Each structure stands twice: as C-alpha cells, then as structure tokens.
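Undergrad: Line order of the protein sequences matches chains A and B. Note that the working numbering has the first sequence beginning at 12, numbered continuously upward. Note that the working numbering has the second sequence beginning at 229, numbered continuously upward.
The set of hints was computed from the structure by calculation and includes no laboratory data. Just so we're clear, the structure is a prediction, and the values are computed from it rather than from any experiment. Beta carbons: idealized from backbone N, C-alpha and C, even for Gly. A couple of the hints might just be wrong.
From the structure, some residues in chain A lie toward chain B, with a derived Cβ separation under 10 Å [to be verified]:
(1) Leu15
(2) Ile363
(3) Ile365
(4) Gln387
Computed footprint of chain A on chain B; a stretch qualifies when at least three of its residues, placed anywhere within it, have a C-beta under 8 Å from a C-beta of chain A [stated by the list, open to error]:
(5) 305-318
(6) 338-348
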Amino acid sequence: MNELKGLARAAQIYLDPQQRARELKAEGKKIAGYLCCYPPVEIMTALGYVPIRILGDMNEPITEADAYLPTVMCAFYRSILDVAMKGRYDFLDAFIGAHACDGAERVSYIWRSYLKSPCSFYLDVPHSNHAAAIDFFKVQLNYLKDELEKTSGCNFSQEALREAVKLYNKQRSLVRSLYKLNRQDPPLVSGSEMLQVMVSIMCIPAEEGNSLLEEVIEEVSNRSAGPGQKKGRILIWGSLIDNIAMTKLIEDCGLNIVIDDTAIGTRSFWVDVDETSDPFEGLAVRYLDKIVCPRTFRDTKGTRSEDLDNRFKYLKIMAKEWNVNGVYFNIIRNCDIHGYEIPEVRDYFEDIGIPVLVIEQDYSTTALEPLRTRFQAFAENIG
Amino acid sequence: MFFAGIDIGSTITKVVVRNEKEIISTLIRPTGAEHRRMAHEAVLETLQKVNLGFEEVDYIIATGYGRINVPFADAQISEITCHMRGVNWIFPGVKTIIDVGGQDCKGIKVENGKMKNFIMNDKCAAGTGRFLEIIADTLGLALEDIGEISLRSKKPAEISKTCTIFAEQEILLRLSEGCAIEDILAGLHKALANRIYTMVGKIKIEKEVVLTGGGAKNQGLRKWLEEKIGYPVLVAEEPLLTGALGAAVLAQEKAGKMSDQDLAEMKKNRKLEAVTFFKEDSTSNPGA
Numbered sequence: 012m013n014e015l016k017g018l019a020r021a022a023q024i025y026l027d028p029q030q031r032a033r034e035l036k037a038e039g040k041k042i043a044g045y046l047c048c049y050p051p052v053e054i055m056t057a058l059g060y061v062p063i064r065i066l067g068d069m070n071e072p073i074t075e076a077d078a079y080l081p082t083v084m085c086a087f088y089r090s091i092l093d094v095a096m097k098g099r100y101d102f103l104d105a106f107i108g109a110h111a112c113d114g115a116e117r118v119s120y121i122w123r124s125y126l127k128s129p130c131s132f133y134l135d136v137p138h139s140n141h142a143a144a145i146d147f148f149k150v151q152l153n154y155l156k157d158e159l160e161k162t163s164g165c166n167f168s169q170e171a172l173r174e175a176v177k178l179y180n181k182q183r184s185l186v187r188s189l190y191k192l193n194r195q196d197p198p199l200v201s202g203s204e205m206l207q208v209m210v211s212i213m214c215i216p217a218e219e220g221n222s223l224l225e226e227v228i229e230e231v232s233n234r235s236a237g238p239g240q241k242k243g244r245i246l247i248w249g250s251l252i253d254n255i256a257m258t259k260l261i262e263d264c265g266l267n268i269v270i271d272d273t274a275i276g277t278r279s280f281w282v283d284v285d286e287t288s289d290p291f292e293g294l295a296v297r298y299l300d301k302i303v304c305p306r307t308f309r310d311t312k313g314t315r316s317e318d319l320d321n322r323f324k325y326l327k328i329m330a331k332e333w334n335v336n337g338v339y340f341n342i343i344r345n346c347d348i349h350g351y352e353i354p355e356v357r358d359y360f361e362d363i364g365i366p367v368l369v370i371e372q373d374y375s376t377t378a379l380e381p382l383r384t385r386f387q388a389f390a391e392n393i394g
Numbered sequence: 229m230f231f232a233g234i235d236i237g238s239t240i241t242k243v244v245v246r247n248e249k250e251i252i253s254t255l256i257r258p259t260g261a262e263h264r265r266m267a268h269e270a271v272l273e274t275l276q277k278v279n280l281g282f283e284e285v286d287y288i289i290a291t292g293y294g295r296i297n298v299p300f301a302d303a304q305i306s307e308i309t310c311h312m313r314g315v316n317w318i319f320p321g322v323k324t325i326i327d328v329g330g331q332d333c334k335g336i337k338v339e340n341g342k343m344k345n346f347i348m349n350d351k352c353a354a355g356t357g358r359f360l361e362i363i364a365d366t367l368g369l370a371l372e373d374i375g376e377i378s379l380r381s382k383k384p385a386e387i388s389k390t391c392t393i394f395a396e397q398e399i400l401l402r403l404s405e406g407c408a409i410e411d412i413l414a415g416l417h418k419a420l421a422n423r424i425y426t427m428v429g430k431i432k433i434e435k436e437v438v439l440t441g442g443g444a445k446n447q448g449l450r451k452w453l454e455e456k457i458g459y460p461v462l463v464a465e466e467p468l469l470t471g472a473l474g475a476a477v478l479a480q481e482k483a484g485k486m487s488d489q490d491l492a493e494m495k496k497n498r499k500l501e502a503v504t505f506f507k508e509d510s511t512s513n514p515g516a
C-alpha cells in the first residue's frame, strides 16, 4: 500500500490518520498521543515515543462525551473525548494532555480518569509568557520527560533531545517551504491538499513526515494543474480545521485558501526551536512564548493600535506576503479563546483594508451546508 | 434583450423578468418540497404572462437556497449579493438592508452600491419568518393578519426573544393569564424586532434602512423595528421580489460583458428542464 507518494500518500494517511501509528505499535514502537500545539514532540521523540496529534472527527456525531462534558464547551474537544471514549485512541502508550485551553484541560483530566492510557501526563502550560512563567514551564517540561522516561524503556539523553530538535526544525522549515509555494497566483497547493499533508505529518514519525513533505514539494513545484485561480485569496485564522469537508466547501465557493494561522497548519510549524545549550530552555521559550495562540496572554502595549500591532503584526506580514484579499475567521462554536479575540483581530485586518468573514461553526460535517451562502457571498464580494 | 432572475427561497419562489430598462413580468408562488421539479415551470409561467418564449431570454441567474437546483440558469449567485443589488436598484441611497425571510434573517451593509458587510442568523428559527408562522399557527390566526392585529395593542405583553419554542410556551402562559391576543401579538412582534435589531446592529444600522422579504409585509414587525431604530424604514412596493430583481439586474450586467456570439452559444446549450437526482419512478411512487 505504501508505494503511494506525495499528495496521494498524504490523502491516504488522512483517510485513517491513526493507521500508521497502529502499524508501528504492532512492530513494537511506543505511541504518544498529545493534545494541541503545546506538548513538545521533541521530548516524546527523544524518549523513543512516536508522537501523534489527537484529532476529533467532524463525521462522528457526539454521543458519548456529553455525559462527561458540558455542551457549552468547544465542540472539537467534545469530539476528541467522544471518539476516545469509543476506543479510537485505546492503542496509545502515553497520553499527554495540556492546559492549552479549558476544554483541553477538562478532557485531560477526564481522559486520565476513564481512559487509562498506560502513561497519562498533564502538561501545565502557564497562560502568560513572563520570565517566571517560562521558568515554570521549563520545569513542567522536565516533569514530562521524567514521566515518559518511566514508561519508555529508554534513558533520556540530552544528545537525543538535541537531535530531535534538529529533526523537527527541519520539518518546520519544510512546512514553511511548502506554504511559500502558495505565494504565487494561482497557488500551487489547494487548502484541502495542504490540510491532508498537515494532518499526515502530525500522525506519522518525523522522518517519514519529512520525506513526505519533500515528495509533496517536488510534486507540486512541477505540477501544471494546481487548484487554479479563484475569485479570492484568503487567509484562515482561528483554532483549527481538521476535515477537508470544510476546506472543500470554502474552495467550492470560489476561494483559494493560500495561508492560515491555525493549529493544524502554520501555528504548529512556523517558528523553530533555538538550539540552546540546555535544550529545555529553547523548548520552553519556543512553545510558550513563540507559538502565537490567543490562549497565551501577552502584556498590553501602549495604545490600542500599538497593542494590536504588537500582537498581530505576523498576520499583517502573512497577508502581505501571500497577497490575500480576504480573511476567514474559523471559530468552532464555544471556543472562548478565539471568540474573545474576534473584535481585536477583525479591527486589525479591517484597518489594513482586508475584509473579514466570521463564522462560528459546529464542528460537524452535517452542519456545513448552511454556511455555503456565506462563503459564496464573501467570494462574490471580495472577488 | 431579456433577463431573468429566479429566487428559490425556503418558503416562496420569486421570478423577475426584465428588459434593459424595466421589470416586465413577475411571479410569486410557494416553493413547496418539490422545488427541484418546478423551477422551469415558474420561469415559463412568468414568461407566458408577457408572451415571451424561453429562447428569447438572454441570461438567467438563480439565487436563494434552491439556486443549485436550477439546471438552466447561466449562473448562480448568493441571495446576499442579489438582495443587495435588487434593493440598491430600487433605493440607490440604501446603506442597510434587513431581510426577514422564511428561514433566515440577514443584515447587509451597502456602500456606494457595493456590499460592505453582512450578517446572518445561524441555525435557529428565532428572528425569521418561521417564528411568525408558528406563532400564527399557535393562535389559530392567518399569517397575513397577525401584524395588523398587533397594532391594536396598547399594552404589549412581555415575551422573551430567545427561542421560537420558548416563545410559543410563553404565549400559552399569557393566554392562560387572560392576556388579550393583540397584546400577546404586540409582545411577540416586539421581541422579534428586538432580536433582529440586535443581530443587524452588529454591523451598525445606518440610514437609509430598507426592509425586505416576507417580514417586510408585516406591519407590526415594521412598526417595532422602526421604533427600535428610531426612524422610518423603507419598504419596496413588493418586498418579496428584491432578490429575484437583483438576480435579473446582475443577469443584464453579465450578458453585457459577453459577445453576441458567446451569448448565442450559451443559449443554444440551455435546456429548460427540472433537476432529477433520483430515478423518477423510485421517488414518486415508493410503493411500486
């Protein structure tokens, strides 16, 4: 089956993202599932674990999780707990939860109580990027290392961690190269293809992910027929999209998705880990300070416009370099952290003359159709 | 030249046929469950009123939630864009459009004839025509009459604005308390107006405000909305037709950008027929 390469291989992995991990498990590897962008994959890899990102499932109606979680909580995390309760992640050797947001925090604790992964660790991620918070986070990362070491069967070494940092920095650089191919018009990679690649590399070992990225970059650089030119070039901002039903709907309505700032996208890859003499220092700074997600509070700077510029300048740069003429805010219903940020990010984009479409969606493929009119009207308006 | 706009809404199908200058024929009829099979009939009927043949129409645009089921349309455009264009054609000074349709409610901001922003209710019937339909049904009154009746009230009842079903329960409670029908209706229209005002307020309501859709025909809703907004809103002679009108205006614009040859070629390939997704015999006669 694995003679498929590049985009075709990514499409195959995407259809059953956990399949490769289950295969590796059968070969005797240990698998660590983690929530969100915050648990460092380098630490898991250095201890011999294959890290995989835990995903929800927009196709699966939530039937189990609502007995454990309030329905006012983010539908993505409810879905994660739902598919986990139904056994999808029973094969994990380690579960790494994180206080990324309150949804992730709840799921982490309930997972520990009911799902009984052999190793279950809760990463306490501070909500600010102050020096003291980074020190605290560094200690937490050491606890993660200690806990994984107990169950991994191999001893921790600084050298292995440094190697892992290099390996993932290479992956980040490949991801950035792939996204750069979308600066041209028309872009070379569709939003749906990009999503399949992102989901894939988060669910297979880093070496395999890096080969896949190299194949995809070569394939799309030489392609004659890409996604083609549509009415508008958009940036997607928000928590995440992990199902191509969503990206396909957007693209069908006449929009090219050329760049994103989402967690199953650039947010997980955009910035490297500095190769510091104590690798935990570089990891703590990169994961807590350099990942820009509204779950981390940053000190308010000067006037409102200075503050917005301080927090969102990277978005302005993305919008300019990828030449976007519209931004879609993908808000999963009840995602407080992104919801609260809407007025700030919207004002910031509108001030630089880029129209914004905000949709609060239900994280369900059966609830997508009513959104078509909005995407279509947005495309007609910016096109 | 002739241009047609067909707006298949959740409740009502609207057709507008224009020449280069004016509307020459219109049609309004219920959509029903089988709109897939009747879009072509609706267009034909509209054309017959003015003795036009289907082949004489140069460009057809479909809009509304049923737009994907019009196989003979030359383009599909969202109802948001079409409403905006239709209203702007009638009222060039419009800045805010409030459209209260059968299953959704929209606010559209217009600036110099272009759409600046829009907002729609999501997945809830509160704030839509369905709310009024259910209320009329609960009270055993005709939908057309409830707006008028509400105007007689001197003391509107307090009704929550959150949910159609809860509002229905509140009606029953008020009835049992002996509250007059006109007061209940006034309270309901006020609640609906408040809900719409809050939603559209997110994109800032600016003068001139035009009210469209079935909701524009309801005097009660109009009154409470005007009270909330603080000045009169404008309503077209036939507020149901603005979407189809906008589609027909856009059809003229699109046709104008094509060469006569391309236009003739496009018309030649157009077939006036209904959409079928299934084998007819398997759906029309399930017992067979």
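Undergrad: Next step is simple, just say for each hint if it's right about the structure.
TA: Hint by hint, here is what the structure shows:
{"no.": "1", "hint": "Leu15", "verdict": "violated (33 Å)"}
{"no.": "2", "hint": "Ile363", "verdict": "violated (16 Å)"}
{"no.": "3", "hint": "Ile365", "verdict": "violated (13 Å)"}
{"no.": "4", "hint": "Gln387", "verdict": "holds (4 Å)"}
{"no.": "5", "hint": "305-318", "verdict": "holds (count 5)"}
{"no.": "6", "hint": "338-348", "verdict": "holds (count 5)"}
In this structure, the earlier hints numbered 1, 2, 3 are contradicted, and the remaining ones agree with it.
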